[in-house]
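Residue numbers (this note's numbering), protein chains in the order written: chain A, 1 to 427; chain B, 1 to 292; chain C, 1 to 202.
Where hints are given, some of them may not hold.
Said to hold, decoys possible - As a list, the in silico BS3-like pairs of lysine-lysine whose alpha-carbon atoms are at most 27 Å apart: (1) A:393 to A:304; (2) A:229 to A:19; (3) A:229 to A:328; (4) B:95 to C:86; (5) B:95 to C:200; (6) C:86 to C:110.
Claimed, not checked - Derived list of chain C stretches under chain B, where covered just means 3 residues or more per stretch with a C-beta under 8 Å from a C-beta of chain B: (7) 34-41; (8) 56-62.
Note that these hints are calculated values from the structure, not bench results. Even glycine gets a Cβ: it sits at the ideal position worked out from N, Cα and C.
If you want the building blocks of each chain, they are given just below.
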Amino acid sequence: MQGTSEYTPRTGIERWIDKRMPLPRLMYDSFVSYPIPRNLNYAYAFGGILSVMLISQILTGVVLAMHYAANSEIAFTSVEHIMRDVNYGWLLRYLHMNGSSMFFLAVYVHIFRGLYYGSYKSPREIQWLLGVVLFLLMMATAFMGYVLPWGQMSFWAATVITNLFSAIPLVGDAIRTWLWGGFSVGDPTLNRFFSLHYLLPFMIAGVVILHVWAFHVTGQTNPTGVEPKSRRDVVPFTPHATMKDAVALVAFFLVFAWFVFYMPNYLGHPDNYVEANPLVTPPHIVPEWYFLPFYAILRAIPSKLGGVIALGLSVVVLFLVPWLDTSKVLSAAYRPLYRIFFWVFVVVCIGLGYIGAMPPEGGYIIAGQLLTAYYFIHFFIILPLLGFIETPKPRPASITEAVLGRPDEPGEPATPAGATAMPERRG
Amino acid sequence: MLKLITQLSAAGALVLASFAMASAAEEALPHFPLKEPEEVDWSFSGPFGTYDQQQLQRGFQVYREICSACHSLNLVPFRALGWEGGPHFSEEEVKALAAEYTVTDGPDDTGEMFERPGAPYDYFPAPFPNAKAAAYANGGAAPPDLSVIAQGRGVERGFPTFITDIFTTYQEGGPDYIHALLTGYEDPPEGEDVRPGQYYNPHYAYAAALAMPPPLFDDAITYAQNEDEDPNNDVPQTVDQYSKDVAAFLMWAAEPHMEARKSMGFTVLAFLLILTALTYYTKRRVWSDVEH
Amino acid sequence: MSYTYPTTVPESASDPDPSDPHYQPSRRDFFVIATGAFAAVGAVAFVWPFVDQMNPDASALALASIEVDVSAMEPGQSITVVWRGKPVFIRYRTDEEIAAAKDTQLSELKDPVARNDNLEAGAPATDENRAAAGHEAFLVMVGICTHLGCVPLGEAGDYNGWFCPCHGSVYDTAGRIRHGPAPENLLVPPLTFADDTTIKIG
């Protein structure tokens with residue numbers, strides 16, 4: 001979809017800049033004239049929401065870092081200082097801490113949307129791989145950020161997660177000590193986590209640029225899974241996608257604000273308001289909600305190394321999805337069997353999350369093991385098999401046909417798919 | 001197809017529910033607290049909740065006359081007692097209150113630490129110089145600092161309450177717990193062994209008994225509010241009332257800007273609702289000539 | 001079949017040319033403008049907490065005053081105390097210093113304004129307006145050169161007052177700028193005598 005540029009500099013200044021560094025042209029072609037399928041639904045708005053959440057997290061994070069002290073003696077107090085004395089400190093901190101939850105909420109919708117509409121299939125594999133890289137970076141950032149308030153959950157989360165590395169044969173203990181910078185989680189650990197927590201979001205921003213670049217090369221998928229064929233299949237990004245994304249974004253902010261202002265601590269854990277104590281583990285330690293499914297997978301395997309491998313595989317398997325899915329049909333709307341298994345998989349993930357929050361005892365252990373088994377069966381057996389046994393439903397010839405519900409009758413000369421960008425209308 | 005999906009989801013939920021029941025039946029370890037806290041009707045709950053200034057002043061009196069003998073309040077400065085949305089003592093009252101405390105300052109010109117009366121910018125002095133001294137003086141268990149205790153405690157809510165809580169904006173797990181704990185002391189049931197120096201309390205979050213003896217009893221303190229001329233504002237001087245008041249005070253100590261948060265929240269949500277309507281309408285207009 | 005296909009870029013009401021003499025804002029324009037304006041107001045309001053968080057916080061504002069015991073001071077002696085993180089000079093001036101300061105005419109001064117937080121903004125820079133009220137021997141000033149913030153040296157310079165080693169500003173025995181790049185006299189902070197020998201600053 002890399003067509004000729006539709007940007008026409010109008011003023012002298014625009015022409016001057018355009019000859020030297022055509023950034024306005026790039027922005028115009030990417031976010032104004034860029035053609036998007038006309039049938040995108042609101043599930044496609046979460047990419048935009050995620051970009052805004054990333055910016056929001058960086059902004060609140062940068063100002064919080066102006067008041068936070070990464071020192072195990074005073075880290076907890078400095079966070080409370082932000083909450084009590086800094087002007088609007090409570091707001092900024094609640095925005096940041098609930099922002100991470102909202103970020104993950106959005107990314108999960110985004111990922112499941114990709115799984116539903118086959119957004120990982122040819123030619124969008126790199127796009128998907130970059131997305132999984134982003135997800136991994138987000139997980140690392142969120143984990144290290146959670147350590148910074150130096151509450152009980154911070155400390156014990158840091159201890160448990162860094163101990164995962166000790167499961168690696170031969171070098172595990174050395175890696176763990178290296179991560180800690182000592183013989184237990186302590187001040188050096190907190191300092192390096194703060195440094196990396198500040199660094200990683202900018203790496204995320206960098207990969208986001210690649211991620212966006214990739215989808216500007218291949219174009220977006222759409223609910224039909226049929227690529228745009230004529231200019232009637234597409235609309236310009238601005239104002240159409242911009243306005244639709246704006247509606248979704250503002251509605252998303254409503255949910256965000258509900259949590260920030262009315263239940264800022266709902267998504268956290270009371271134990272993180274107790275200062276870290278290396279001598280006492282809280283009776284029931286759980287990660288933040290967005291890690292619960294993975295935590296359940298970790299606990300389902302009754303072996304240290306096995307659990308760590310299962311945990312790692314549960315994320316790494318996402319890298320393999322483009323090649324595990326053997327079906328050529330993109331959208332689940334035309335895949336009757338996959339559609340069922342997709343929703344079963346969603347329920348299983350939610351179930352894993354629930355198990356992850358429960359104490360590891362009795363029926364929860366067995367339930368966790370069954371759901372973990374299903375998680376991997378979905379990727380390694382069901383996905384490859386479906387491509388062979390499933391009969392897809394007939395797909396429409398074009399997006400416009402799907403939208404209108406009858407064959408598309410070209411009423412005007414269609415421009416080739418390679419040049420679908422909209423011409424400037426204004427004289 | 002949608003029907004099939006709902007059926008499958010229902011099946012999944014059923015499976016989960018059955019596992020949950022199975023686990024409840026074969027619980028190996030006792031889960032603490034043995035009793036869930038009762039939900040108190042707080043003035044500060046819900047989106048429009050505000051602190052009851054009189055209650056906070058009473059709760060402060062309970063803290064000052066009883067809790068502070070063992071528990072520090074390290075993160076709270078005297079000046080905060082004068083903040084709006086808190087006990088809101090007048091500037092003179094705050095100065096007088098602070099001056100009742102002796103704080104250690106220094107070093108002076110000779111290099112010695114010295115003592116002086118507290119000022120509004122000082123923090124509540126701790127009853128013990130450090131955690132070890134506190135533990136030593138209290139039979140090995142250091143009394144926790146109370147500055148954020150109301151956010152640092154809370155009993156898990158379980159299914160389905162944790163979902164309905166999102167809509168009722170339940171955030172009072174801390175004060176509910178404090179109130180339940182302070183009123184929850186009782187004689188241990190038959191056969192329950194309580195070690196000396198431990199006090200049975202089924203509301204305690206970590207065990208069946210705790211090292212803190214019941215701190216409150218009826219008429220333990222006389223509320224300043226009950227000493228004035230006006231009998232209309234008198235409150236009962238019971239363990240239940242003391243517990244509620246001190247729990248409310250500790251909630252404020254943990255979150256002194258809660259009122260500002262909630263009132264700003266109303267403005268923000270109202271703004272966002274209007275903006276949602278406006279953007280939605282604009283979006284409809286933009287898409288009006290494109291079938292999609 | 002009179003059905004017309006939608007064009008991809010909506011025309012008519014969507015893209016009127018404002019330069020057209022018959023141009024009239026449509027209802028849609030109104031909503032677009034209202035939405036944009038509303039969003040802009042929200043964005044501006046959102047920025048304020050990010051700006052205000054850099055202002056001194058509640059704990060910094062609370063640490064406002066100190067008390068200094070001057071009972072042990074002798075004429076000709078100076079001490080420096082810290083107030084709000086800044087040095088404050090307290091000088092017990094000798095009679096010669098007071099006399100020298102009093103003999104100086106206002107017209108000789110580079111900055112004829114007292115720069116005394118205890119007085120009105122425009123009060124003249126007489127020695128009386130510079131010294132501590134009721135205790136003319138005591139001169140209390142924030143020890144920060146009004147040029148670029150260095151700490152001047154005491155009993156130095158042409159007037160045996162203060163001399164800033166950074167850029168050569170010279171102050172007299174009442175802390176008034178006499179020559180050099182500094183624009184203003186040294187600032188006198190809010191102060192009161194709690195009793196005859198205790199100065200409360202702030």
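Cross-check of the supplied hints:
1. A hinted pair counts as satisfied when its Cα atoms are at most 27 Å apart, and residue 393 (chain A) with residue 304 (chain A) does not qualify at roughly 45 Å.
2. For the hint linking residue 229 (chain A) to residue 19 (chain A), the alpha-carbon distance of about 33 Å lies beyond 27 Å, and the restraint is violated.
3. For the suggested pair residue 229 (chain A) and residue 328 (chain A), the alpha carbons sit about 18 Å apart, so the restraint of at most 27 Å is met.
4. The suggested pairing of residue 95 (chain B) with residue 86 (chain C) holds, with an alpha-carbon distance near 25 Å, which does not exceed 27 Å.
5. The hinted pair formed by residue 95 (chain B) and residue 200 (chain C) meets the criterion: a straight-line CA distance of about 16 Å does not exceed 27 Å.
6. Between residue 86 (chain C) and residue 110 (chain C) the alpha-carbon distance is near 24 Å, which keeps this suggested pair within the 27 Å criterion.
7. Residue count for the region 34-41 of chain C with a Cβ under 8 Å from a Cβ of chain B: 4. That meets the three needed, and the coverage hint holds.
8. Counting residues of the region 56-62 of chain C whose CB lies closer than 8 Å to any CB of chain B gives 3, which reaches the minimum of 3, so the coverage claim holds.
Of the numbered hints given earlier, the model fails hints 1, 2; all others are met.
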